[in-house]
Amino acid sequence: MDENNKKIGAVMVVGGGIGGIQASLDLAESGFKVYLVEKNLSIGGVMAQLDKTFPTNDCSMCILSPKLVECARHRNIELLTRCEVESIEGSAGNFKIKVKKHPRFVDVSKCTGCGDCAEVCPVEVPDEYEENLANRKAIYRPFPQATPGAFGIDKSGACCECMQCEKACKAEAILHNMLEQDIELNVGSVIVFPGFDEFEPKLREEYGYGLFSNVVTSIEFERILSASGPFQGHVVRCSDKKTPKKIAWIQCVGSRDSKIERGYCSSVCCMYATKQALITKEHSPDIRTTIFYIDMRAYGKEFDRYIERAKLEYKVRYIRSRISEVKEDAKTHNLKIKYEREDGELVTEEFDMLVLSVGLDVSRSAKDLAEKLNINLNSYGFARVDSLEPLKTSRPGIFAGGVFSGPKDIPETVTSASGACALASALLSSVRGTLVAEKKYPAEKDVSGDIPRIGVFVCQCGINIGGVVNVPLVVEYAKTLPFVVYAEDNLYTCSQDTQDTIKEAIAQHSLNRVVVASCTPRTHEPLFQETIREAGLNRHLFEMANIRDQNSWVHMKQPREATEKAKDLVRMAVAKVSLKEPLGRISLKLTSRGLVIGGGLAGMVSALRLAEEGYEVYLVEKEDTLGGQAKDIYYTLKGEDVQKFLSKLIEKVTSNNKIHIFTAATIEKIEGFVGNFKTTIKLNSSLKELEHGAVIVASGANEYQPTEYLFGKDKRVVTQRKLEELIATKKLNVSNQSSIVMIQCIGSRCDENPYCSRVCCSEAIKNALALKKMNKQVNVYILYRDVRTYGFKEDWYQKAREQGVLFIRYEEDDKPEVKLNKDKLEVLVKDLILEEKLLISADLVVLSTATVPSEDNKELSQLLKVPLNEDGFFMEAHAKLRPVDFATDGIFVCGLAHSPKFIEESICQANACAARACTILSRDELEVEGIVAEVNELKCKGCRLCKEICPYGAIDVELKKVLGKEKEVARVNPALCKGCGACSASCRSGSIDLKGFSDSEILTQIGALV
Amino acid sequence: MQSVENRIKEKAAELLTTKKVDLLIGFERGTMPLRASPAFIYDEADIEKLAWNSFCEMNLARYLTRITSKRVGIIAKGCDSRAIAALVVEGQVKREQIMIIGVPCPGMVDRRKIEKEIKGEIDKVEEKKGEIIVKGNNFEKVFKKNNYLYPCCKVCKHGNPSIYDILIGEKVKENSKVDEYAEITEYEKKSPDKRWEFFEKEVSKCIRCYACRQACPMCYCEECFVDSFHPKWVDKSLDFSDIAIWHIMRVYHQTGRCVSCGACERACPMQINLRFLTEKINKDVKVYFNFEAGLDLSVNPPLAAFDIKDREDFIDTC
Amino acid sequence: MKVKEPKIVAFLCNWCSYAGADLAGVSRIQYPPNIRVIRVPCSSRVNPLFILKALQEGVDGVLVAGCHPGDCHYISGNYLARRKFTIFKNLLDYLGIEKDRVHFTWISAAEGARFAEIVKEVTERVKKLGPVKRLVKNRSA
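Protein chains in written order, with my numbering: chain A, 1 to 1010; chain B, 1 to 318; chain C, 1 to 141.
FYI, nobody ran anything at the bench for these hints, they're computed from the structure.
Worth double-checking, as some hints may not be accurate.
Stated by the list, open to error - Where chain C lies over chain B, by a calculated footprint (3+ residues, C-beta under 8 angstroms): (1) 156 to 169; (2) 192 to 200; (3) 241 to 254.
Only a predicted model underlies this, so the values are computations on that prediction, with no experimental measurement involved.
Every residue gets a Cβ at the ideal spot worked out from N, C-alpha and C, and that includes glycine.
Taking the hints into account, I'd like the entire structure generated from these sequences.
Encoded structure:
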């Protein structure tokens, strides 16, 4: 092989938003070195600015910040903040990339994030993170959880170079003369997630943004809602900081608007506006909330239910209307909104505050980046991708996702990130593990049975702690505590030289346990644990006392009390650490094979990807043939040939010798756990046992079988799929007079199936356009409730309108009727604009039928011990950040089994599953964290309480001989336990305890408190 | 009651002779009048011992977690059957190993109340249609049964067994309208200081003999938290705080498990009012989680489950 | 005579409430120094016995805080905790333990200001009650 074509086991991820973060973590966990390139000071992206996330109302920062920390501490990830890609050479497998590193003016390795510099900085400028609703200093950290936590100086006009910060910084981290740097990196693949910028609402000046003080964008409102935002979460308007009585949201600002080159739907605004209205109501129930919208696009999983909740429980008012005018009352700064009701009447209504639901623009850096990477963009400037290869850019080896390839919400972004990883990982499977370095540690000292010898290190944190707490006094006090043999104070305990000091002290004083009294363990515990591990101590022989974030910083004017509190906290930490025992990291063997349940499109894609990533796969399909639901789909909205794609895929899957296919096979039993599953399948009435390390559920869904509208009684009433088949197989003739009526939401959004089936609007439009292509004169009617053509699908909706497809909206409680008049088919529907019934004679009535969960889901969910949602689809571990994982490790879900979706979305999820499974299969052994529950079998009576409540299914009850007596006892699977301790706190007899947070340890802390 | 007793005997004979069970747990007449004791019948010869009367208040489920026989028949009133069901849910009893002979219970009589009203030695006790006739050397006294029921029986809504394999006797009409927690609701209205005073008074009587625990069908831990040395939750002292913690945790541990059989209170030699603790828990479990222990084998007790819509009015801060 | 400052223990879940407490610090929001935090993985880790033991040891007030419903890092831990403390808190009230001794709440990682508010509120209420007595060991001594 040519030396230049040698593959490189490293990947560059461009963009440090949630997509880039997920991609970095997945790749780093799959044996690749990752360079995460972010142009700003911190990773986190827009998600770091959000208050809550829909439809679960999860706190955005709560779920994001653990990922930030994980990224920063991962040994395979190198964070390159303030960096931008300059140029790229080479080809898939081996790229050379030049990266420009802009100066931060602060040495990240020295900065302790104490904030002394910002304290003295005299310059205040508008804070971008707070959407300019608050100020920040010229030297700043974008937000408290910023990663890396180091500060940076804004020299683009802000910094006055007074050098106060340099004087204040005791860590000598500030470098005012830092220069721009060029870095050259060699990687095998590039994953591009530049994300988005919000639409600039000044482009739609009629809404008065920038002119009227109480008109804000949705992202500004997000900060207003945030408890850590400019108004501490009080919903107030900008003009007078008073709580508004009435807030209106205007949808589609910068979306569905071809006049300003944004013809696409931004896909997320209906939901986030609903979320904001709902959270507003939670903050202040008296605020009246109104959302002005065109179509309610609640197409995603659990979305319609969320909207219903907003309407019924929270009384959010939804008005279907376009806004024609916004005026400000000069005195009150209230806003008068003129809008047209559906019946054509113009109404003016006054609100105290107006939120513009701004759309998603492709990142402003994307164009430049695309040019440098030489990848193609679509007409809107987003990455051009194919529906059947939704993660590949036009340049081999470069993959893209997130909003860069089209408007998406968080879970879809995360899914595409994992999906892109699967493609990179498949490309580079031969060089997996070549660039990741294992760290070598000295052997752990055996301290069992030794009397505790505790060292206490108290941090001054410059003046952050020392300025309030009398640190020397705390050190002297620490020396008097039981088992403490050494104590000292440090200017910065976290600095590199102190790490050496700690190691020396451990050696010199034979310390076997260490306490650091400094900042928060949430950010610094891993650093100190690493230090003591390097000194030969087990990581868990360590405890921190948080005397900064939870003491000196919050009692700045009470030095005496703060010093007393510091002593208490040190005493509690010393008491706890004296009881601590080394906790092992348990290593378990694993089987590097995957099992894919379901041989439809999603199942085949994930099986193929896993095989390409280098793992053997069992593919189990209950039908005789592969293909699933996709067998009935002929073309995509964009016109791609699905059947051709499918037959090629089947060929690839069947010819891949790593994939073992079992058709007409059913799953009988699934035992085991992550890394070590054993599944029994039934094949021609004989049983076969398969061993594997991960499971991908791709068991698909079904098409709803209609009973309504004369279906089955009159041959001219067909499903949308049947129509597609008739068109594709050229069995349908349409004349100029032909009249085809499509009825939407058959079996969707009804009492029986309250969810939206997501694809039917676009499928109807797809077929309507195909009919128009056959004969431009043909009459096509689409009777709909909301047209949910999100993203770029909106273009086809507009095209259909242009071509004369007639869209007639109907209300749920006034459904269209289909009747036989002699032998003529007639459709009766109420026209909501004309307020009268329309009679349409139809040659063909086409029913857009729902996607319904497979009847096998229930059994499969029981076999796998994973949950289904209320609608009967499989329920992922977390709606936002773990979209294809189950809470139980090692089991993943994709395709229609998860919820109704398009082919490209199934493909994304299927790839994502392969990537997530690869993070397990690529390991040599499963390492289990030491903080796990442990059963005292002598005490345990097997009452099942712990088993029932364990959120991870980590506990089983089994028959066991204990001291010669046979009895049922609980058993914890450490590979599945996540260390929450719910079991331990629930056990009546104290038979199950959580290592690291044991009953004794907590009791001793309580005892030491007073 | 006579006919029920005979049918119990017939059934017991059938089960033992056909070897459907190895052991039958029922009641027998006590050595003292107005008393019944548990009977453990392994042999059909002993069947005659079996009794059924108004003094069979013991919860026989208590013994199921302590015996080793493989197949056990058990006489079960409403509360016994509920305890059995709760034990099945908690894996302490295998449903298939237990033959439940359900006997609808009209309520059991508190002998202490009768004894108080009788002076002299009792020779004979008879039961007739809701009346207890106590005969002695030179007296005969008739007691209206309903006036002498145990407190838990007075407000019992589950006299009929919740689960059984065989039912003996007619189902009793359960009083579904009675407010079984009326006393508790009334007590809750007192001021916190008054409540504390009462709690202190009651609990101070405790001598830590643990008879309440021994009598409870749901107390089956190998080692009770109160006896644990590692960690040591509660000191072995008669300090009020240690006794109080024992009682608070004991009753907390009954959350969603107590079947209101009253065994603990009857067992207490110091006559501590324990019902005011257990019934508070039972009331809250009913109010907050709409759950009563031992009625349904397919429902997890409330602390082994959750509902995202659970109330959270215990949060009172900000 | 100087009144002894009360001590209050706070059991905070690592992922939301402890992070919220840290955020109060980062934002330099001042609150009374009576609180001592014990970090636990999840609000579901808090055994009611911890609370009784704290009161027995002479801790004057107890605060337990976890992630808001739906936010739990461990999926459902706070829902389990919610059930536990519904029963437990009601029981304590019922027995006559002063309502303001023991508090439960939800605090997210973004609610630094709210954390400080709650600490203020709890501290004030505990101060009003005076030193813990009812379950303290060796009361007579």
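For each hint, the structure was consulted:
Check result for the segment 156 to 169 of chain B against chain C: violated, 0 residues qualifying (beta carbon to beta carbon below 8 angstroms, three or more required). Interface restraint, the segment 192 to 200 of chain B with chain C: holds (8 residues with C-beta to C-beta distance below 8 angstroms; minimum three). With 8 residues having a beta carbon nearer than 8 angstroms to a beta carbon of chain C, the segment 241 to 254 of chain B meets the requirement of three or more and the stated coverage holds.
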